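Novice: Residue numbers (this note's numbering), protein chains in the order written: chain A, 109 to 772; chain B, 112 to 291.
Heads up, some of the hints might be wrong.
As the list claims (entries may be wrong) - Derived lysine-lysine pairs resembling BS3-like cross-links, with alpha carbons at most 30 Å apart:
no. : chain 1 : residue 1 : chain 2 : residue 2
1   : B       : K224      : A       : K670
2   : A       : K630      : B       : K206
3   : A       : K581      : A       : K520
4   : A       : K630      : B       : K232
5   : A       : K522      : A       : K375
6   : B       : K217      : A       : K701
7   : B       : K206      : B       : K232
8   : B       : K217      : A       : K630
9   : B       : K224      : B       : K238
10  : B       : K148      : B       : K238
11  : B       : K115      : B       : K148
12  : B       : K115      : A       : K443
13  : B       : K224      : B       : K206
14  : A       : K701      : B       : K257
15  : A       : K630      : B       : K224
16  : B       : K217      : A       : K670
17  : B       : K238      : B       : K217
18  : A       : K630      : B       : K201
19  : B       : K257      : B       : K238
20  : A       : K588      : A       : K630
21  : B       : K115      : A       : K375
22  : B       : K224      : A       : K648
23  : A       : K630      : A       : K520
24  : B       : K217      : B       : K148
25  : B       : K115      : A       : K522
26  : A       : K527      : A       : K443
27  : B       : K224      : B       : K257
28  : A       : K701      : A       : K630
29  : A       : K630      : A       : K581
Worth flagging that the hints you see were computed from the coordinates, not collected in a lab.
Given the structure is predicted, the values throughout are model-derived calculations rather than measurements.
Residues per chain, in single letters:
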Amino acid sequence: MIAELGHYFLVLALGLAVIQAIFPMIGAAQGSARMMMLGQPAAYGQFFFSLLAFLALTYSYLISDFSVAVIARNSHSLKPLLYKISGVWGNHEGSLLFWVMFLALFGAMVAYFGRGLPKSLRARVLSVQAMVGIGFYLFMLLTSNPFDRLADVPFEGNGLNPLLQDPGLVFHPPFLYLGYVGLSVVFSFAIAALIEGRVDPAWARWVRPWTLLAWVFLTIGIVLGSWWAYYELGWGGWWAWDPVENASFMPWLVATALLHSAIVVEKRDTLKSWTILLAIIAFSFSLLGTFIVRSGIITSVHAFATDPERGLYILVFLALVIGGSLLLFAIRSDKLQAGGLFAPISRESGLMINNLFLSVATAVVLYGTMHPLLSDAFFGVKSSVGAPFFNLVFSLLMIPLVVTMVYGPHLKWKRADIKGINQRLMAVTGIALLAGLMTFYATYGGAIMPAVWIGIGVWLLLSSLQELSNRIKLFQVPFKDSMSRLRRQPRSSWGMTLGHFGFAVGLLGIVGTSAWTIEAQKVMGLGEDMTIGDYRLTLKDVIPVAGPNYTAVRGIISVSPKNAEENGKSFMAYPETRTYVSSPITTTEGDVKTTMAGDLFVVIGESQGQGRWGIRAYYKPMQVWFWIGTTIVVLGGLISLSDRRYRIGTPQRQKASRKVKHAP
Amino acid sequence: MPLKRFLPLFVFAGILIAFMIGLSLKPSEIPSALIDKPVPDFSLPPLQGDGIGLSTEDLLDPENIVIVNFFASWCGPCRVEHPALELLSKLDGVKLHGIAYKDRPKNSLSFLKSLGNPYDKIGTDLKGRVAIDWGVTGTPETFIIKNGIIRYQHIGPIHQIQVEDRILPIIRNLQQEGTS
């Protein structure tokens, strides 16, 4: 009964989406306020019913109603509560419902907070938002209905893939989807602006918080996924350039570019059609990320289901949404005339160069991801590019990007003085060079690139701090004055400082863990030991453990400094190998001991007989820096989001327009 | 209306066409054109100086079913797949060979050292040239061969559950084929 209600709510939401798509658009074209006004109630109603449908599916999961096909396929009555809930969006059908529910929520938020928007713009945004929604509702109802019943009700469900039963993965997909869906709002604003034929700084002030919100969600989602891979897959890797990872990375890269180009639109009233194009591309990648991965067109470990009917629908949908909007862009974007010209050395040029490198990076990832398919489809040759390709290209491509990040924030709008900046950065540049040289010396005989990258990372780290200290005139005015300047810094500039600083911290982590990871493995009996780096591991005991839906073998390993004379704390590590009841898959739960210097990652393998066990250990220098860095980046995004100027719903239009007039 | 504004549309159209062709190819399901064809001619150097490498002759073994697995240390799914390979390597009448794909020998060696080496013989395909002849789409990828004829191609990691469901039945069929 509940499942049928859910199905019914879904149809109702579709109906309201159709109303929301048609009438506000016509109303905006004809200048009919009454028709435009239909947008808001339709948006609220659409969200209400999609939420009810989502709750209906969640309820069915909670009571383990195995007559619902999706639940029988993916759930299990013995599964812990958390994973029953996360199971709702852990599959194709449920994730679509999750998607469309948030699509409707964001539409409703635009309707509610958008009271300050020009009426026609808001009507058009809501309409575009609903059109995307219609595509999703139809896709679900025609090919992937989450409420489909089974004729023969199974007694027990299939269970969720144990690899996916992990807290990291409970929150990874929803954040990713929130990021994808958040970009839909930006997309709707872009399309509405194209139809309207007008992009101004006020438009950019609306688009920026939504981009920022989506970008923050995307960042969290990607990092959580990578964190999950690091802990759960038990081989200490956190990024493999898998097509699915790439699919989430591309919208992130484009959203990052958009975040920066929207600033140029806002402050200098130029770079408009480029920003519009980025908004379209960012959402296009979100759709690709959501769909293409699942259609099985691109093979991947992650791929969920292959179904030609779904694949065809997806292609038609993508052709309509992306093709249609790019066509609209081609026809209409010349209406958006650019403002002034750029001086080659200026903040806006810096932002444009940053956009250039981010776009090239996106193109590289797109090429690498599409390469197997392209070469197969067009030349009949099967080939692929692997992680080494991406690692090489990125390690080179990121250098000019980071240089831009070092200089950009120091540049003034319109015309900047590069000599002055070089002078101010002299000390910072010196320390960075020293850090690079010291790294080179310490790792003499090894690769050169890691040393170069350490230098670059330190450079960015210090220069972003220096930029902040310049702004608050540290050591130039009395300390107390500096502190009060610090407190008065706008939150959006805190966002930039933290974003760049966190990026630098994360970058150093990436360099450390990619360049200097060591690993060791040994088959050990009780009481035997092995060494890795500065640690000595001793296998004390191996005990069986029973979890809620698995049994496990747990190693008890004491870790002490390699040299017994050295005074260092010893501690215990408890890695596990779990075997799940519902499916014959074993997972390794490595135990990770984290310090700022590096992670010690201990994994217990299968029994080798005669009371001996394979123990693997990795030492990953500075791994935690990556997690700390990304956390700082996210924090910066959130602080910037709370900036009053960008607060969703209260863009102070008067103040803003005054500012624009001031700019000659 | 400058033409360059249409550029994004054209690029997308190209991608879309590739997707349309890709959908009919279904790379994850339709086996390669090499099925029921003889194995390509190749000869690969060994992973270590003292090994013997891997070449076409090794796959013509009339006694055993031969499995060839393309792997790389940089490939996460290869690690996921590893326990399944261990299972396959222990089967009677089956020889499992590995080809390290675009991987530094040092890394391949430490990969095998840490996880265990299930392979009988290993060849190193540094440039990925041999992989192209095999029609490899990516790593991991696995071929089942009998009398030098490729009989089955598995794209992506072999999950342990697939060993029972898919791989073992194929091997048993091939083994019976010979006796009857």
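Novice: All the hints need checking, so say for each whether the structure fits it.
Specialist: Hints versus structure:
| no. | hint | in the structure |
| --- | --- | --- |
| 1 | K224/B x K670/A | holds (22 Å) |
| 2 | K630/A x K206/B | holds (26 Å) |
| 3 | K581/A x K520/A | holds (16 Å) |
| 4 | K630/A x K232/B | holds (23 Å) |
| 5 | K522/A x K375/A | holds (10 Å) |
| 6 | K217/B x K701/A | holds (27 Å) |
| 7 | K206/B x K232/B | holds (9 Å) |
| 8 | K217/B x K630/A | holds (18 Å) |
| 9 | K224/B x K238/B | holds (23 Å) |
| 10 | K148/B x K238/B | holds (24 Å) |
| 11 | K115/B x K148/B | violated (47 Å) |
| 12 | K115/B x K443/A | holds (15 Å) |
| 13 | K224/B x K206/B | holds (20 Å) |
| 14 | K701/A x K257/B | violated (48 Å) |
| 15 | K630/A x K224/B | holds (9 Å) |
| 16 | K217/B x K670/A | holds (25 Å) |
| 17 | K238/B x K217/B | holds (15 Å) |
| 18 | K630/A x K201/B | holds (21 Å) |
| 19 | K257/B x K238/B | holds (27 Å) |
| 20 | K588/A x K630/A | violated (59 Å) |
| 21 | K115/B x K375/A | holds (26 Å) |
| 22 | K224/B x K648/A | holds (23 Å) |
| 23 | K630/A x K520/A | violated (58 Å) |
| 24 | K217/B x K148/B | violated (33 Å) |
| 25 | K115/B x K522/A | holds (27 Å) |
| 26 | K527/A x K443/A | violated (38 Å) |
| 27 | K224/B x K257/B | holds (29 Å) |
| 28 | K701/A x K630/A | holds (19 Å) |
| 29 | K630/A x K581/A | violated (56 Å) |
Hint compliance for this structure: hints 11, 14, 20, 23, 24, 26 and 29 are not met, and every other hint is.
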